[in-house]
Amino acid sequence: MILVLLFAMGCSERPQRGTLKGGPVVPPSPEYGANNTLTAADLPPGTEHLRLGVTPYLGPALIDASWKPIASYLGDQLGIPVLLVSAKSYEDLIQLVAKGEVDIASLSPLSYVLARQRTEKLTMVAHELANGATSFSSYIMVKTDDPTTSIYDLVGRRIAFVDPRSTSGFLFAYAAFLDHGIDPETQFKEVVFSGSHVESIKLLASGRVDAAAIGSGMLSTVNRDPNKVPGMDTAGIRILLKAGRIPFDPLCVKTSIPATGVDKIKNAILTLNTRTSEGRQVLSASPKISGWVAAEDSQYDNVRHVLKRVTAHRNAAKAKQGVPTP
Amino acid sequence: MLVTVAVLMVMGLGGTLLVRTQADTMLEDERERAAALVESLAVPCAISLATNDIERLDGYLEEVVQAGGTHLGMLHVTMLDYEGRVIAHSGPGGFTARTDKGTHRLPPSDEAQTFVQEAVQSTRPLWRRYRTIEGKPQLDISMPAVSGLRWGTLVAGFDLRPFEERLAHTRTILVVAAMAFTLTMFLALYFGLHRIVVRPIKTLTRSAKKLEKGDLTARAHIDSSGELQLLANQLNSMASELQSYTESLEQKVEERAAEVRQKNHELEQVNTRLKEAVSKLEELARTDALTGISNRRFLMEILVFELKRSQRTPRPLSLLMIDVDHFKRVNDLQGHIVGDSVLQQLASNLASNLRSTDVVARYGGEEFVVLLFDTALEIAIEVAEKIRQNIENLTFHDWDDNVHGRITVSIGLAGYPNDAQEAKELIIRADRALYTAKKGGRNRVEKWGLTRTDQDS
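These protein sequences, in sequence, are chains V and A. Here the first sequence is numbered in the working numbering, starting from 5 and rising by one per residue. Here the second sequence is numbered in the working numbering, starting from 81 and rising by one per residue.
Everything labelled a hint here was simulated from the structure, so no lab data went into it. Each hint should be verified, as a subset may be incorrect.
[Stated by the list, open to error] In silico negatives: residues of chain A with every beta carbon more than 12 Å from chain V:
1. Asp161
2. Ser202
3. Met223
[Unchecked claim] One-sided and incomplete, this derived list gives chain A residues near chain V with beta-carbon spacing under 8 Å:
4. Phe195
5. Arg209
6. Phe261
Every residue gets a Cβ at the ideal spot worked out from N, C-alpha and C, and that includes glycine.
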């Protein structure tokens, strides 16, 4: 018995340490300070600069302000000028990508899926981290004083989507209406495509529409730094419904660039994040970007799935109205 | 006893192992709980760090410890960035964040620094359990803060005092339970062993001893199974065999003894009959067939014997020789049967009128001899005269009890040691005296000596 007590007492006094089970999966860290300079062998012959196309999710002016430092950083890293190509619309960028008129593209998830449908000559190297998060949702917003209590109350009212190529600003919100048995094609008084998330918020805040579908990151972006998004009033709006979970915007490289070049571009973009002081400086103009992480195409399979549903519904609706399908 | 000690040792070790295992399990649970808490905290912290929202992060950590610290047992929590700089922490005091040459505010001890440095390097959550300088038990948990990228590391300290109290409580319960269990097992074993092994063995031993002492009815009654029962059965059957063998042996001995007794009995009977026969024979040998008194042979034996004895211690002895007067006439005139009857009546009369020590014998024909021991001749003369007168007055009966007449006798006396020294000589002297009495006219008593000269001549 004495032995038992001694053993029992003894075992608690030793300092102990160890490794725990579980915990988060820690992704491998990018190689900071690596030489990412592109040589002639890393590029298609005669390449003098790289064109970086960005989805105009914030509107062209804001995109330019936040992406120019990123293009500049990439240029420094890659040792070749990186020119920012401002697309006029989501569709515009998809076409640029499909035509190979941009070398690097930051596409919205849906744009990426659509672009991949049109061209195979596209390699995803990373996806964006926004506001420190890896994914986002689609919010259906209404004004704070709107009596709406559920999504069904939106039937017969005016609604703003961002763009038919916007993932959170259109596709997932559209699918959410379908999930609730609401046909956006027929059951709204008016459907507006604003062109950008910021514009949609403006339309809602001004009372032009009764509801707007925007990406979840946008609200905090404008809330945290209203100066970056002039003319916004987010105090008067609220979230009615949250729909889906989507990985952030993928960064793609066209496949005409040799694999060695793609790897260098990939490593360059992965080293750009707010962990480093340089990254924080470069990204300080961006309202939401925290960095990029390595990504895989299969992460966007859900987007493809939702797209298939929505497209099928819209085609059927257009067929009813006698509009030829694209 | 050795077995008991061994059992106790094994149980003690088992109990120790149980307590230690239980303590390890509890500590692991505590670690898992703390780690889960830190892990859930790590995600929002990572996002705050990613968005460079340092003030919010710092406030967040402070709030967690302040508001939930007591309940969660979280004493402090520190956020380090991916390069190991302290970005925010729950404690008071300044710190430098987000400057490339910032002051690194790290925990005080080298051990703590080592732990933090390892935590920043490690892709896995780490833990350490230690005591503060004040002796308070603490648990540190480190957790990578990941959101797409690894933004940093959270290190949180937990108060282990409540845990140690629980552990002590559990340990007490376990120790008590282990003791109770051990005691129960010991008692069960002891009594079980006693019942199963010791008692049967004692019973066996007792029975064996009884058997050894010769109590063949002894049996070992064991309520058991297995070898001991087998042993008991063998002992019992051995005892039974021994008993039945002994009993049969005793029976045989008894039978033999009975036979011997029977033979002895028969022998005794034979012996008795033999003795009876012998004594009868002896009596026959010294008795006169007709009269039932002593015969001549016995008379001579007695006389010789008594005279020899008298030679050692001189005692007087007188011998009377009695003869029936004219007995030939009785026989001739009245027949032998009457003669015999006369002789019988005469003998009977002689015997009844004399002392029991005196001997009356038929000397032959109608002659009788009387031996008077310790009797001097003078007295013997008187006795002889009394006999003569008695017979003279006696009426004789025939065989039909008819009075047929009277007879007389003549008596000659001789005395020892005066008249003769030897038996034969004494008889001759008495016979001479008888002759004198016959000659003197019959029906009279004559003693030797009065006519010694005549007679000698």
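Going through the hints against the structure:
1. Asp161: Violated: least Cβ distance 7 Å, not greater than 12 Å.
2. Ser202: Its Cβ does come within 12 Å of chain V, the nearest being 7 Å, so this is violated.
3. Met223: Given a closest Cβ separation of 6 Å, the condition is violated.
4. Phe195: 7 Å, holds
5. Arg209: 5 Å, holds
6. Phe261: With Cβ-Cβ at 11 Å, over 8 Å, it is violated.
Consistency note: the structure conflicts with the earlier hints numbered 1, 2, 3, 6.
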